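S.K.: Chains as they are written, first to last, in our numbering: chain A, 1 to 160; chain B, 1 to 635.
There's no promise every hint is true.
Derived DMTMM-like pairs (lysine to aspartate or glutamate); straight-line CA-CA distance at most 20 angstroms [claimed, not checked]: (1) B:K37 <-> B:D9; (2) A:K94 <-> B:D333; (3) B:K443 <-> A:E117; (4) A:K135 <-> B:E108; (5) B:K188 <-> B:E466; (6) B:K146 <-> A:D18; (7) A:K155 <-> B:E392; (8) A:K29 <-> B:D543; (9) A:K155 <-> B:E590; (10) A:K88 <-> B:D359; (11) B:K235 <-> B:D601; (12) A:K93 <-> B:E337.
Honestly, the hints are just simulated from the structure, not real lab data. If you're wondering where the values come from, they're calculated on a predicted model, not measured in any experiment.
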Amino acid sequence: MPTFVYMTRCDGCGQCVDICPSDIMHIDKTLRRAYNIEPNMCWECYSCVKACPHHAIDVRGYADFAPLGHSVRVHRDEEKGTIAWRIKFRNGKKDMELLAPITTKPWGECIPHLANESAPADSMRNSELLFNEPKYVAMNDSALPTLESNGLEIKEGVYY
Amino acid sequence: MGYKTIIEDDIDILVAGAGLGGTGAAFEARYWGKDKKIVIAEKANIDRSGAVAQGLYAINCYMGTRFGENNPEDHVRYARIDLMGMVREDLAFDMARHVDSAVHQFEEWGLPIMRNSKTGAYLREGRWQIMIHGESYKPIVAEAAKNSADKVFNRVCVTHLLMDDAKENRVAGAVGFNVRTGNYHVFKSKTVVCGAGGASNIFKPRSVGEGAGRVWYAPWSSGSAYGLMIEAGAKMTQMENRIVLARFKDGYGPVGAYFLHLKTYTQNCNGEEYESKWFPALQEMVGKEYLDPEASHATHRPIPTCLRNHAIINEVNAGRGPIHMVTMEAFQDPHLEEIGWHNFLGMTVGQAVLWAATDVDPKYENPELTTSEPYVMGSHATGCGAWCSGPEDVSPDEYFWGYNRMTTIEGLFGAGDAVGGTPHAFSSGSFTEGRLAAKAACKYIDDGKAEGIRVSDAQISRRKEEIYKPMETYTVGRNEIVAGSVNPNYINPRQGLDRLQKLMDEYCGGFGVNYMTNDKLLSIGLKKMAILGEDLDKVAAEDIHELLRAWELKHRFLTSESVFQHTMFRKETRWPGYYYRGDAMKVDDENWHVLTVSRRDPKTGEYTMEKAPLYHLVGDIEDKDLAKLKAEGHH
Chain A
1 MPTFVYMTRC DGCGQCVDIC PSDIMHIDKT LRRAYNIEPN MCWECYSCVK ACPHHAIDVR
61 GYADFAPLGH SVRVHRDEEK GTIAWRIKFR NGKKDMELLA PITTKPWGEC IPHLANESAP
121 ADSMRNSELL FNEPKYVAMN DSALPTLESN GLEIKEGVYY
Chain B
1 MGYKTIIEDD IDILVAGAGL GGTGAAFEAR YWGKDKKIVI AEKANIDRSG AVAQGLYAIN
61 CYMGTRFGEN NPEDHVRYAR IDLMGMVRED LAFDMARHVD SAVHQFEEWG LPIMRNSKTG
121 AYLREGRWQI MIHGESYKPI VAEAAKNSAD KVFNRVCVTH LLMDDAKENR VAGAVGFNVR
181 TGNYHVFKSK TVVCGAGGAS NIFKPRSVGE GAGRVWYAPW SSGSAYGLMI EAGAKMTQME
241 NRIVLARFKD GYGPVGAYFL HLKTYTQNCN GEEYESKWFP ALQEMVGKEY LDPEASHATH
301 RPIPTCLRNH AIINEVNAGR GPIHMVTMEA FQDPHLEEIG WHNFLGMTVG QAVLWAATDV
361 DPKYENPELT TSEPYVMGSH ATGCGAWCSG PEDVSPDEYF WGYNRMTTIE GLFGAGDAVG
421 GTPHAFSSGS FTEGRLAAKA ACKYIDDGKA EGIRVSDAQI SRRKEEIYKP METYTVGRNE
481 IVAGSVNPNY INPRQGLDRL QKLMDEYCGG FGVNYMTNDK LLSIGLKKMA ILGEDLDKVA
541 AEDIHELLRA WELKHRFLTS ESVFQHTMFR KETRWPGYYY RGDAMKVDDE NWHVLTVSRR
601 DPKTGEYTME KAPLYHLVGD IEDKDLAKLK AEGHH
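Produce the complete structure using the sequences and hints provided.
M.R.: This is the structure we're talking about:
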């Protein structure tokens, strides 16, 4: 289901161009609006659909196997932390609205800056530990597992 | 050409490709390298790049030690049996002991992880999978990487690694071009963490025409992890271990939540269970060590993914297709029905679109399943990738050369799809591998291993010329013809891709030949590959966008050549259901209980192949149920 862009809704802002992982949303030089330049490299990931501030981008199922007449629309809201979907079947018998959270925190505010963390001690540098470990492994005081702590050996050969 | 050369110098850690692996590396590097210069180069926009761009509805690698669920060695045993024994268990153990700390941090950052309302633990889909509302998984994780990095170069496609001119086999950075401005980018760096992706679209896909983008792994997964490292002469491992997925037909919608959480199951066109009847003959092929349905029934031990594919393939060939997923029972429960749809919207919207377009309501109709074309990657139920060092406290000598996740090229590290022998890392494990690689890269620099790197101007200008050659080829050849895409002197990237896919399908075991190949077919295929390689010197790009496709194609080609070489080398059928060697239809543990390791000589392009020993974790803490069965004479 490659994407396409509605002529009357697109204002050529380029948000879709900026986000498309496949580099296939480009601005038409004459019309100054976005379009999908390479539908057979579209994963229908909806990144551009979600990013479009005017809901100008939609998806029409791949011509090689998807009949016309369906609709899957989306509205993603970082402020509310939700994504809302509406799915309509070709035969009109199913019309579903589905809502899901996209984050549990105010957008972007709870993501750490590791530059501000105190520097690791040499003992930690020389250990197998990563940032926030061992605490975050099991969220308690237990140590990082090793072969020894878990009663294991690593041996060549076939053992089944 | 009028493109500027933009040099970014004095980088300590360059992250080439920032999906989950690369973002993990950039994030963690800042902790161990407070004063280090960390730079990301990504061909798309890191907010929506890599395999998780679309989102995920599950995290498939989570131990749950905090809830008393699994130990790292349990994960290793699971990955080992699923991959028919062929796993780097040191790397898998290492990833598994760290992975929970990544997931717990994701939750703090705002990733919605579902909880089991009774126990308070994360809601399990299966033994290893936890359920998330992960539409924004990638943008959340990208934020953490951006907070750590000094600079992020979005829309820069990395085409080659730079090599040290002062010391053989030592990395010195990378080069590429901006897919918007066309400018040439040179990154001089002490270390590189290769976080680029595995490969979709190298075998002919089942979809045709406009639908060619509807693949299981993202179409932008261009095998660049392998293309970059192979070209530089890094040793690769298990590249024959391509994966075939049983998925909802055409849309490639995931089946994990359906099987594990919704408890749906499969049947043939007559409504019969079909899997078990193929098992006796299959057991003859692979041995009871790898397929013991009784043991699997009584314990958590899975039936390997490839063997379940084998049953589907054979049932369909026997004329009892299609295979259906029985959803009509589960979907009567409105809560489960909602989960079924959310599962697609969270990670494969295309499947929802397809069912809406074809009026398939799984409440009233059991949808079709089919096996996909093969993919080459290293973080799902397959372990292609570079031959990397493991951690000091776990790895035997053959698996350890100083720095965790360092490839056989000094200063070049891997994460995610780039690391070989570590299947079942998935998103969280790939992120974790990035963290491990970043810490090791900082140590490598602090140990003085990156002193005295020299990159000659000659190397930089040679690469520049090479990168833009497809545009030059186009300019020169285009005027010989009136119009159109048919030219006697060049092919465009799409034509080259079509040829590669056809060749891989027919000679290397694609879906079109029921995943079958043999020594003769592989030999012919390799000959044709050599000629395709020559023609790819004449690939033409009309504009910068096509130049991106040209380089993606070249990375896919290098990946494919490696797959051919490895498939030819391993003279057995290790993974029936992924592919078959018609001339060696059995698992051969006597000769092939080994990992395959290759190196392509960067100067000559010649391949050398070797076997590497396979080590297994053994210990007292076996699965108790399995131990009991073993005592009773089962494996």
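S.K.: Against this structure, judge whether each hint is valid.
M.R.: Comparing the hints with the structure gives:
no.	hint	result
1	B:K37 <-> B:D9	holds (10 angstroms)
2	A:K94 <-> B:D333	holds (16 angstroms)
3	B:K443 <-> A:E117	holds (18 angstroms)
4	A:K135 <-> B:E108	holds (14 angstroms)
5	B:K188 <-> B:E466	holds (18 angstroms)
6	B:K146 <-> A:D18	holds (16 angstroms)
7	A:K155 <-> B:E392	holds (15 angstroms)
8	A:K29 <-> B:D543	holds (14 angstroms)
9	A:K155 <-> B:E590	holds (17 angstroms)
10	A:K88 <-> B:D359	holds (9 angstroms)
11	B:K235 <-> B:D601	holds (10 angstroms)
12	A:K93 <-> B:E337	holds (16 angstroms)
Hint compliance for this structure: every hint is met.
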